[in-house]
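Given the sequences, and given the hints that come with them, work out the whole structure.
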Amino acid sequence: MTARVQTARKAGAGDTRFRILTLLAALAVLGIFSGVILSLVIGAMPSFKAFGFGFITTEAWSPTRERFGALAPIYGTLVTSLIAMLIAVPVGIGIAIFLTDLCPRLLRRPIGIAIELLAGIPSIIYGIWGLFVFAPWFQLHVQEPISNAVGDSAFFGTLFGGATFGIGTFTAGLILSIMILPFISAVTRDVLETVPSVLKEASYGLGATSWEVMWKVCLPFCQTGVVGGAMLALGRALGETMAVTFVIGNAHKISPSLFAPGTSISATIANEFTEATSELYTSSLIELGLLLFVITFIVLACAQLMLRQMEKSKGKVT
Amino acid sequence: MMTMNRALYFRRRLTNYVFVGLSLAMALFGLVWLAFILGALLKNGISALSFSMFTEATPPPGSAGGLSNAIFGSVVMSLGAVLLGTPIGLFAGTYLAEYARFGKLAFVVRFVNDILLSAPSIVTGLFIYELVVTHMGHFSAIAGSLSLTVIVIPVVVRTTENMLLLVPNGLREAASALGAPRSMVIKLVTWKAAKAGIMTGVLLAVARISGETAPLLFTALNNSFMSTDITHPMASLPVVIFLYALSPYDDWHTLAWGGALLVTATVLTLSIIARLLEGKKRT
Numbered sequence: 002m003t004a005r006v007q008t009a010r011k012a013g014a015g016d017t018r019f020r021i022l023t024l025l026a027a028l029a030v031l032g033i034f035s036g037v038i039l040s041l042v043i044g045a046m047p048s049f050k051a052f053g054f055g056f057i058t059t060e061a062w063s064p065t066r067e068r069f070g071a072l073a074p075i076y077g078t079l080v081t082s083l084i085a086m087l088i089a090v091p092v093g094i095g096i097a098i099f100l101t102d103l104c105p106r107l108l109r110r111p112i113g114i115a116i117e118l119l120a121g122i123p124s125i126i127y128g129i130w131g132l133f134v135f136a137p138w139f140q141l142h143v144q145e146p147i148s149n150a151v152g153d154s155a156f157f158g159t160l161f162g163g164a165t166f167g168i169g170t171f172t173a174g175l176i177l178s179i180m181i182l183p184f185i186s187a188v189t190r191d192v193l194e195t196v197p198s199v200l201k202e203a204s205y206g207l208g209a210t211s212w213e214v215m216w217k218v219c220l221p222f223c224q225t226g227v228v229g230g231a232m233l234a235l236g237r238a239l240g241e242t243m244a245v246t247f248v249i250g251n252a253h254k255i256s257p258s259l260f261a262p263g264t265s266i267s268a269t270i271a272n273e274f275t276e277a278t279s280e281l282y283t284s285s286l287i288e289l290g291l292l293l294f295v296i297t298f299i300v301l302a303c304a305q306l307m308l309r310q311m312e313k314s315k316g317k318v319t
Numbered sequence: 194m195m196t197m198n199r200a201l202y203f204r205r206r207l208t209n210y211v212f213v214g215l216s217l218a219m220a221l222f223g224l225v226w227l228a229f230i231l232g233a234l235l236k237n238g239i240s241a242l243s244f245s246m247f248t249e250a251t252p253p254p255g256s257a258g259g260l261s262n263a264i265f266g267s268v269v270m271s272l273g274a275v276l277l278g279t280p281i282g283l284f285a286g287t288y289l290a291e292y293a294r295f296g297k298l299a300f301v302v303r304f305v306n307d308i309l310l311s312a313p314s315i316v317t318g319l320f321i322y323e324l325v326v327t328h329m330g331h332f333s334a335i336a337g338s339l340s341l342t343v344i345v346i347p348v349v350v351r352t353t354e355n356m357l358l359l360v361p362n363g364l365r366e367a368a369s370a371l372g373a374p375r376s377m378v379i380k381l382v383t384w385k386a387a388k389a390g391i392m393t394g395v396l397l398a399v400a401r402i403s404g405e406t407a408p409l410l411f412t413a414l415n416n417s418f419m420s421t422d423i424t425h426p427m428a429s430l431p432v433v434i435f436l437y438a439l440s441p442y443d444d445w446h447t448l449a450w451g452g453a454l455l456v457t458a459t460v461l462t463l464s465i466i467a468r469l470l471e472g473k474k475r476t
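Protein chains in written order, with this note's numbering: chain Z, 2 to 319; chain C, 194 to 476.
The reader is advised that the hints may include incorrect statements.
As the list claims (entries may be wrong) - Computed list of chain Z residues with no C-beta within reach of chain C, every gap over 12 Å: (1) F49; (2) T58; (3) P64; (4) T65; (5) G70; (6) I98; (7) Q140; (8) A150; (9) A155; (10) G158; (11) S186; (12) K254.
Claimed, not checked - Under the rule of at most 25 Å between Cα atoms (straight-line distance), these lysine-lysine pairs were calculated in the BS3-like manner: (13) Z/K201 x Z/K50; (14) C/K297 x Z/K11; (15) C/K380 x Z/K11; (16) Z/K313 x C/K380; (17) Z/K201 x Z/K313; (18) Z/K201 x Z/K217; (19) Z/K217 x Z/K313.
Unchecked claim - Some but not every residue of chain C turned toward chain Z, in silico, with C-beta under 10 Å: (20) A218; (21) F222; (22) G223; (23) I230; (24) Y292; (25) A293; (26) I434; (27) V456.
By construction, these hints were calculated from the structure, which means they are not laboratory data.
Backbone N, C-alpha and C fix where the C-beta goes; we use that ideal spot for every residue, glycine too.
This is the structure in structure tokens:
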């Protein structure tokens, strides 16, 4: 009898221990998150004290004079991500539509896997490919013709004019768009599959074409999910480092031309961190990292909330 | 009336064809990039592959060498990250799925974990730099491994939770009815039922970190020589690819391409194995 009680007690103690262990692991996740924020804030302090909020609005970046402003990298990060989104959102949604409704069943899986492989390729591979293979090709076959065609026109001339190097802000945005494409198409596919088939069948029954079913019924139904997926991809694009570092050109200035070299937050950190000799230099780079983290946090948090809401409403409608 | 209808019908059909064509074109657009990248990788990478790549350390410019130290470093640091990150991720995922499914804390942890999952990896590098490198006073393989751990954990947490949620409650109830305490139910029943899925998560995490460069740049740094000392800087494949690709030397470029092919092959093989495991589970 006592032996049995003892075994039961032991099991009970083990049970509590196990529960606490899992709780601690869960708290470790929170710990990492707050650790990231805390360490970045502490690391960014010297730079914040020296430059204050002017850090965000200053373009000058001069390690020799110890003057640091984040405007050029912030601009680069935002513009490359914008270019990436402008390309990847329509294409990603198009691919998802193709794979859910239009693709012959036999090809669905292979094409789906191939698109997902794009997400599996490490960012450094995009970088080395972008620098050695894509940039020269792009310069010769796309940039030069465009640059010649726009010539001196006021708007396009500024946007696409100037010397062509192959590398630059636009190239970085384009490569980013390929990298985030699979994220958008994956999320869109998932949410498109939540559309109840009665809705589709009803619209087909009314004589709608497949395009009308997709555009007027399915997409409005899962709007929140698609936007959430796009935000998720945006979060990725903003923080992408290696691919951008290879092809953006690393010039600390804001050029009106999209073909001109620029820099981004992540590229600046990756390139300069190990070379930063002074405390203020290091600290400025860490403040850049903090800015990046805050921006991506906001974007990703919105994405999470939207996708959660989508998940919740899924239960209600069907 | 009739003609108007026909015009409308024609227009709708036309729009349909145009957009069906467009979405086909977009799928092709994605596939073309994949072919473009993999093609270039094979073309430049295969000629760089050689036996000495696996046996010799990274050379100074102008002389022959391989990537053995970088391969070794990548394996060691990834292994460390997986060994440390998997249990933490597994337990945290278990907490979310088994103990506190609807709790407030679970909500916060889930939210934070999903943010960490997509957070810029360069930031984890900065975090470990501040946390470890500045206190140790120098770059080290330990720091590199820790920064990869930060990437492993959220991946494992997410897949573990998802996989445990797929386990039918009837299994848990049956085990509990037999008198098994909660921890036993989890360890002997739900973990076992979700094993393939959890393995998939670990493999995906390995795939993810084997190509990660940004967090290693200023934690593990690089080392031109073979080093087994984990308290000192260590080379890794992605960092060597980065440095060699941006160097002005042609033979370094060749090595970078060889390394790139190696990394991509590893990552894609791992993802495909993970996918097969997952597929087996589903059928």
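These are the hints, each one checked on the structure:
1. F49: 15 Å, holds
2. T58: The claim stands: Z/T58 keeps its Cβ more than 12 Å from every Cβ of chain C (closest is about 22 Å).
3. P64: Its Cβ never comes within 12 Å of chain C, the nearest being 16 Å, so this holds.
4. T65: 21 Å, holds
5. G70: 19 Å, holds
6. I98: 5 Å, violated
7. Q140: The claim holds: Z/Q140 sits with its nearest Cβ about 16 Å from chain C, beyond 12 Å.
8. A150: Label holds. Min Cβ-Cβ 22 Å, cutoff 12 Å.
9. A155: 31 Å, holds
10. G158: 28 Å, holds
11. S186: 8 Å, violated
12. K254: Holds, because the least Cβ-Cβ distance between Z/K254 and chain C comes to about 20 Å, which exceeds 12 Å.
13. Z/K201 x Z/K50: 59 Å, violated
14. C/K297 x Z/K11: Between C/K297 and Z/K11 the Cα gap is close to 30 Å, so the pair fails against 25 Å, i.e. violated.
15. C/K380 x Z/K11: Since the Cα atoms of C/K380 and Z/K11 sit roughly 16 Å apart, the hinted pair holds (cutoff 25 Å).
16. Z/K313 x C/K380: 30 Å, violated
17. Z/K201 x Z/K313: 21 Å, holds
18. Z/K201 x Z/K217: The hint holds at about 10 Å.
19. Z/K217 x Z/K313: 22 Å, holds
20. A218: 8 Å, holds
21. F222: With a minimum Cβ separation of about 6 Å from chain Z (threshold 10 Å), the hint on C/F222 holds.
22. G223: Given a least distance of 5 Å, the restraint on C/G223 holds.
23. I230: 5 Å, holds
24. Y292: It holds, given that the least Cβ distance between C/Y292 and chain Z is near 6 Å, below 10 Å.
25. A293: 8 Å, holds
26. I434: Holds: closest Cβ of chain Z sits about 6 Å from C/I434, inside 10 Å.
27. V456: For C/V456, the interface hint holds, since the closest Cβ of chain Z sits about 6 Å away, which is under 10 Å.
In summary, the structure is inconsistent with hints 6, 11, 13, 14 and 16 from the numbered list given earlier, while agreeing with the others.
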